[in-house]
Structures are given as structure tokens and as C-alpha cells.
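Engineer: Chain residues, written in single-letter form:
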Amino acid sequence: MHTNNWAVLVCTSRFWFNYRHMANTLSLYRTVKRLGIPDERIILMLADDMACNARNKYPAQVFNNENHRLNLYGDNVEVDYRGYEVNVENFMRVLTGRHENAVPRSKRLLSDEGSHILLYMTGHGGDEFLKFQDSEELQSHDLADVVKQMKEKHRFKELLIMVDTCQASTLFSQLHSPGVLAIGSSMKGQNSYSHHLDPDVGVSVVDRFTFYTLAFFERLNIYDNASLSSLFNSYNPNLLMSTAYYRMDLYQRHLEEVPVTNFFGSVMETIHTDSAYRSQSNKKFGGPEIKMPLDQSISDNDRRILRNSVDEDQPNKLSTEENFHGVGQLWNTIISKVNTFESADTFVCYGLGSMVPLLIISVWLSS
Amino acid sequence: MSTKTETPVKKKNQKKIQCFWSWVIGSVILRLIIIYFPKNLNLSSRPEVSTPLTSIRRLAEGYWLKQSSMSPYAGSMYHGSPLLLTLLGPLTVKRIEGQPDHLLCSLVFVIADVVTAMLICAAGKKLQAAYSSSLQSIGLHHLSEDSDILPSGDFAALLYLWNPFTIVACVGLSTSAIENLMVVVTLYGACARLAPLAAFGWVMATHLSLYPAILIIPVILLFGYGPDAPPRKLFRQRTNLEVDDSASGDRSCLEDELVNEKRMLNVFSWRPVVLFLFWALLWSSYVLVLCGIYVQQHSGLQEMFKSTYGFILTIQDLSPNIGVFWYFFAEVFDFFRSFFLIVFHGNILLMILPLALRLNHRPCFLAFVYIVLSSMLKSYPSVGDSALYLGLLGLFAYELKDMQFSFFLFSGYVGVSLLSPVMHNLWIWRGTGNANFYFATAIGYACLQIILVVESVSAMLNHDRMITKLTTAKLQNVKS
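Which chain is which? The protein sequence lines are Y and P, in order. For what it's worth, the numbering used here labels the leading residue of the first sequence as 1, then goes sequentially. For what it's worth, the numbering used here labels the leading residue of the second sequence as 368, then goes sequentially.
Just so you know, the hints here were simulated from the structure itself, not pulled from any lab data. Using N, Cα and C, we set each Cβ at its ideal position, and we do this for glycine too. Some hints could be false.
[Unchecked claim] Residues on chain Y that point at chain P, a partial pick, calculated with CB under 7 Å:
1) 349
2) 359
3) 366
[Said to hold, decoys possible] Derived, one-sided and incomplete: chain P residues facing chain Y with beta-carbon distance under 7 Å:
4) 450
5) 451
6) 564
7) 661
Given the sequences, and given the hints that come with them, work out the whole structure.
Structural biologist: Laid out in C-alpha cells, this is it:
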């Protein structure tokens, strides 16, 4: 069952002229936080520091638009991997979870088999590779191996890989693990272009793919259930100047049914119960009415049938002995009578209170 | 003429009764004054008063857990009975404006104390009547004339009510007041031969704290043989003498003779015992059904037994108290832990049989000795337990008046009860002492209790020897 959402946002380029990659990552960070994923479940990796760069005219501020409407580097940006820590080895360690003992929890991807993970990578890339720090590369079969390891270790339920580089879709061409959805900003042989230049800051501030992604998300809030297919169909190749290619052969669900907040936000299904929480052992005595969402009802009915059959085995074991059979029947009749009361507590209260007159009567009779 | 001689006696009795009741009301007023005391005495957080089994705060926590639809034993805070939760739980939550906290609980404990004292008084009266008739039947009339000041039942009741330990346990909201009430109900029911009452008290006392289970032996002896009496061989000698004499003598009443005949024949009447066991079975199944219903939503009876009896027997909580086990089990190796648990609990069990054999003609005193032993050697003792046996000591004040070291014991108790909080303060709050300071007072307290029980048993046996000597002397006089 889907229980939590994680986001791993990676910016792999350094140097001032790659300002837009930093702005891409920070914009997506802001979106993902706005839609509900908390900092403890976001791993943000920034290869260089643009906000406090000596060449930044606006110190401690990062913009993704020339109107400077949004400062992406606000008060509560938590960067987990910074500077030279963003390298291929650490990236792979984060995804597979194979860290040294001394690595703190904030730098670990602590996902489990119910997690949906968003993996966003941006920077300079090419045919089957992504460049890290201008000195290393992450290859497509490296990524495929990492995802395979994650699947084997049950570190995700569903994974969405979003890549914004040149020839982005070649990076996930080698993937073969189920439950993975991937979208890249351009196909093999195409470049991904920046959106516009900010004359004040002096560099391009955002890439086209990420710009249109953000345009889609800025219209949404946490309660919307726009689907992934509407997101993927919103990319216009003419505006992007490249073809955004997505790969869904490894993904079983239909994209029209998957809300974007499954990956880009953290909106959990709430299950409404009528009464207070009871422990599992009370299931056979009729727990509270549970209203389940439609797509989950079948699987949970199966689960409930399984549990009931397990519970039915137990009285059968007891009935082999005749003594216990009688006591068990008696106990069950007592319990069923008690459940007709409002609560067992008042019954016990009455029982306790009736002990005193019983005592007095018995003493009077025997004296 | 007879009326004139009777009225001074009647007036004296009325005055005695008035005096008694005024002392009882005085003790209740004292408790209410301490409850309403403006400064917080913090008695309910002292380790001498509240243990993990008797603390009212743990009971309130257990009740809150139950109200939040969780098992009351979750988190290992509450280790008492579910029936206490039903009774006292709602009272801990009710707050009346302008009144001190937990006022209703305090009133419940005050009422429990008063009822306990009344039952001790009634049991004392029964004991005294039976004992004087038995003394008369062996010819020692002069010993049965009690002192003019106070009959032993009233004396014991007042001793229980005015004992500082009882007052502190009552005001400190320790549930040992209710446990003491159940034990005294057992003893009274057994002395008055009311099988349902005694069975109820025994079942409830065992249910609340495990150790009163050993009181089944004195209760069975009380039902079989009757209340305390001099050794049976004296009755046999008397029978032989009467058979020889074949003189009718003056008969007090037919019932008395029948009872004495039974005693002289040393018959152990099984019928009341079987009735008692039947009622015990009935009450215990009733209590188990109620508890089962209460806990079936969460965990079941097994968890309840593990958290209550299992906790008492395995001593999982090693916070300091006035006993000696916490210090020992804090340093014993895990490998030997179960061995020492068996040794310490077997210590109580091994003493049951020899005492029962030696004191089977005095079942009420046997019950008193068992209560002292269990108060001393139980896992989590508190001053509420010693309040019980110090009160019951008053029932035997006449027989134990020649007890040795009585002044030493009295000053020892006063000294320990003053030093123990001081040592606790030095250890925990000021940090200028350590655990050994506090443990020293605990060891001193245990030694005092040992001296008390040993001396009281030897004083009782000396009293028996004195009676034997007097009877044989009298018989020899009669013979010769």
C-alpha cells in the first residue's frame, strides 16, 4: 500500500553559467514542498552554490524568472548534499541506501516498500550519460542497475524519473524494473534549451522543460487531482523546441488514473472510521465500519477474507477438546450478550456494583 | 438492688463506647485536615507510600489509557486490578472546583479505613468472646477478665486508625487501604464463620495483591477449629478429669458445652471448610469473568495476569522502596535472576508449613504472622502493609503484653520512619548521599520487622506455656 512520498532532486552542474540548473532544481523543490512533501523526505543535492556566489548580484536569492517574482532560496531551504558531495558515488549510495555508518539520517533515503519516489535530475547530459561536476558521468546502465537494486531491496513502490538535460530520454533507455515511469525533456539527438535570459542576473535562469512543468504546477494546489497524463500531454514540442518523451512500458497503471500528487506532493488517502481505534484482535467481533476507496477495496477484501479464514481456524483447533468447547461456547455467548450493552465498561461497573448486594444477601442467608 | 449495681456498669460501658466513637471520629477529622492542608505534602510521590502496585498516579494513567481505547497495561505503568480501575478510575478524573485534587479518592480511602477499623473491632470482640469461653472451660477464669481500660478489639481498631503509617498511606492515596480492607474482611468472616464473606474477602485480596493467598491456611483452620484457643491438649486433660469426676458442675449453656465438646474431641469440622471453598470458587469465577470482559477488547486475561501477577513475581521495576529487593536485583547478574526470584519467593512459602504446624490452635495469630511475613518479604512493600499488621497486633495485646524489646521496636520504628525520607532526600535530591544510605534504612526496617515477628511468636508461645503450667497446676490441686 502507498504510504509515503519521497523526492530526490539532483542538480549536477557547477559554475556560474549553469545557474539555470540550480534554479530548475530549486523550483521543483519549492513545488514539491508546497504540495506537501516535508523536508525530511526530500533529498536535495546541489552541486554548486549560486545564491551566495560572488557573481550573484542579488546575494542569497535565486530566481527562475526575469520578473523576479519568486525567490527560490527563501528561509527554509534544506540542502542535503552540497558542492563536491554531489558526485556519482554519493548519488548511487543515496538511491541504494548503502552508506557508511557515520552518514546522518537526513542524508539517507529512508524509503520502504510503500514509497513513491520522484527522482529529478538536471544538468548537462548526452547520449546515455549525465555529467556530474564537469568531471564524472552517470551512465544509463548505472542508473538501470541502481533502480534494479532498489527494486530488489523493496525501496520503492513506484518511481518517477524526470530528467531535464540534452538527449535526456537516452538516460533511462536501459531501465527494466517494473513500477518505474520516466520522462525526459528531449529525445536522442535533440538538445534541451533554456527558456530565457535574465539580463539583470546575467545568465539564463530556467530551462524550457522545467519552465512548462512549473507552469502546470503553479495552477495546482494540494487538493487538485490532475492526472499524470494531463501533465505529460501539456508539453508542447513547439514551445519546448524538443520532444518530451516518456516511457511507460514498465508502469502498470493508466496515467489518467494517477494524480500528480502521488509523486509531486504528499496527499494521503484518509480512511474514515466511525468509532475509536481498536486493535487487530477485535476483527472477528465486528470492527468499525470502514469506508475504503474504490480501487483498493478489492485487494483489502481479499486481505479480510484471508484474515477471517485464519481466525476461523483457531476455534476449530479448540473444538477438538470437548471441555474447552463448552467453555468457549459459554464465553462466546457471554461476550455476545455483553456486546448488546453500550460498552463493556458499564457492564463491568454494574457487575462490580452488584457484588455488594450479592454479598449482603449471601451473608444474611448463611448467618 | 440489682438494677442499682447494673446502672454504674451500664454507664461505664456507655462511656466507653462514647469514648471509642469520639476517638474514631477524631481520626477521621485528622485525615480530613491533612487532606485539606494548604501546602502540598507530596505524600503520594514518596517511595515509602506509593509503590508501582499502589500508586494512584499509575491508576490514573491506566484509566486514561483505557479511555483512549488502549489496554490499561500498555506501557507498563499500571499493574493493578481492572476492578480497581472501574472503581477509582472515574474518581481520579473528577475535579471539583475549590477542593484539593483527588478529593473523592481520598474520601474513598478514608471510608475504607473506617470500615477496616470497625471490622477489626468486631473480629476482636468475637475472638475475645471465644477465648474467654475457652479459658473458662479449662478452669482459668481469672485470666479471662480483661483490663478495665479497653477491650482488645476496640484497642486494635483505634491502633489501626491512629497509626501514623495508616494515616500517611490513606492521605498519600495508596490503594493498600483497599487491600487491607479485603484482608480484614477475610479475617472477620472467618472469625464469625460467615463463609461467603470470608471467601469474598480472600478472593478480592488475592486478586488485588498476590500475597494474601497464603491466608487460606489460617482461614481454613478458623473454619475448621474455630477462633484462637489455648492448646488442645489442655482440653483433653480437662475431659479426662471431668470423666473421672463425673460431677455435673454448673453448665453455662448448652451451646457452649457442645462447642467445648467439639474442641475436646479435637474434631476438625469439614463442612464449613467445604462451604468456604465453594464460595471462594464462586467468587473467583465471578471476578475472573468480570475482568475477562473488561480486558477482552484489547489483550485478554493472559496479558492481565502477566502485568499483575507476573509483574509482582518477576520484580521488573527496580525503583527504590522500603523493601530490600530493589537493591539486590539491581546488581545481580541476569543469569542468576530467576534463581534468586525463586529463592526469595520460596522464603515466604517455606515458612508457611512449620508455622502452621506450631500455631494451628491459634489461627488468627497465625494469620497475623503470615501478614507480617508477606509485608516484609513482598516485592514492593510500603507503609500501608505495616499499617495492617501493626493494627492487628493490637488484637493480641493481652497475650503479647510480656513481649521483649517492645520499647526498642517502638523507637526503632519511629527512627526508621523519620530517617528514611531524610536519606531519600540526601540521595536523590541533594546528591550528597548514595543508594547505600537509603538501603541502610530499608535494612534496618526489615530487621525491626524480623525482631517483631520473632518476639511476638515467642511471647505467644510463652503465654501458651504459662497457661499449660497453670492448668496442670490446677489439675494437680484438684486431683490431690
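Engineer: Would you settle whether the hint for residue 451(P) is holds or violated, based on the nearest Cβ-Cβ distance to chain Y being less than 7 Å?
Structural biologist: violated, 10 Å
Engineer: Let me know if the C-beta of residue 366(Y) comes in closer than 7 Å to any C-beta of chain P, holds or violated.
Structural biologist: With a closest approach of 6 Å, the residue 366(Y) hint holds.
Engineer: Please verify that hint: residue 564(P), Cβ, nearest Cβ of chain Y, below 7 Å or not.
Structural biologist: holds, 5 Å
Engineer: Given residue 349(Y) as an interface hint, is its Cβ closer than 7 Å to any Cβ of chain P?
Structural biologist: holds, 5 Å
Engineer: With a cut-off of 7 Å on the beta carbons, see whether residue 661(P) makes it to chain Y.
Structural biologist: holds, 5 Å
Engineer: Minimum Cβ distance from residue 450(P) to chain Y below 7 Å?
Structural biologist: Cβ of residue 450(P) sits 6 Å from chain Y, so the hint holds.
Engineer: Let me know if the C-beta of residue 359(Y) comes in closer than 7 Å to any C-beta of chain P, holds or violated.
Structural biologist: For residue 359(Y), the interface hint holds, since the closest Cβ of chain P sits about 5 Å away, which is under 7 Å.
The earlier numbered hint that this structure contradicts is number 5, and it is the only one.
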